[in-house]
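Undergrad: Go ahead and model the full structure; you've got the sequences and the hints to work with.
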Amino acid sequence: MNQKEFVGKSDEILNCMSIEELRRCLHNIARKTPENKRASFLQLLEDCHDQDDREDREDSKYEEALQHKRLIPNEKVKEKLSDIKRIFTKIENGELCLSAQGYEDYSNGYWASDWIWEYEDNEGIAG
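Heads up, the sequence shown is in my numbering, so the first residue is 3 and it goes up one at a time.
The set of hints was computed from the structure by calculation and includes no laboratory data.
Check each hint, because a few of them may be wrong.
[Unchecked claim] Subject to a maximum C-alpha distance of 25 Å in a straight line, what follows is the list of computed DSS-like cross-link-like pairs (lysine-lysine):
{"id": "1", "residue 1": "K92", "residue 2": "K80"}
{"id": "2", "residue 1": "K78", "residue 2": "K92"}
{"id": "3", "residue 1": "K39", "residue 2": "K6"}
{"id": "4", "residue 1": "K39", "residue 2": "K82"}
{"id": "5", "residue 1": "K82", "residue 2": "K92"}
{"id": "6", "residue 1": "K34", "residue 2": "K11"}
TA: In structure tokens form, the structure reads like this:
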């Protein structure tokens, strides 16, 4: 089994396990680890633990920075969001669209045709 399949199957099994089952699984792996590989196993556990702590610290720093530094006021964000929703509604209703014209291009010879699309922005969507 190659690495990608192995990791995928492992993830599939691990995602179905409870925290207690995961602890028992790691305990059994630790019990069965040969003496010459125990140091690397412990290092792996410490790295996983340190990684979780690091991610938690980064998340809290990001949230603090986000609270103290707002680049765009909330009113402006809400206004832009309503504009985007209005435009999506127009697109869904067919009121706003790009026009396209397609044709086969035989410039590379008769047997090497490519389908070419040319788009026009008649409604000024791009601004």
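Undergrad: When the hints from earlier in the document are held up against this structure, which numbers fail?
TA: Violated hint (a single one): 4; every other hint is consistent with the structure.
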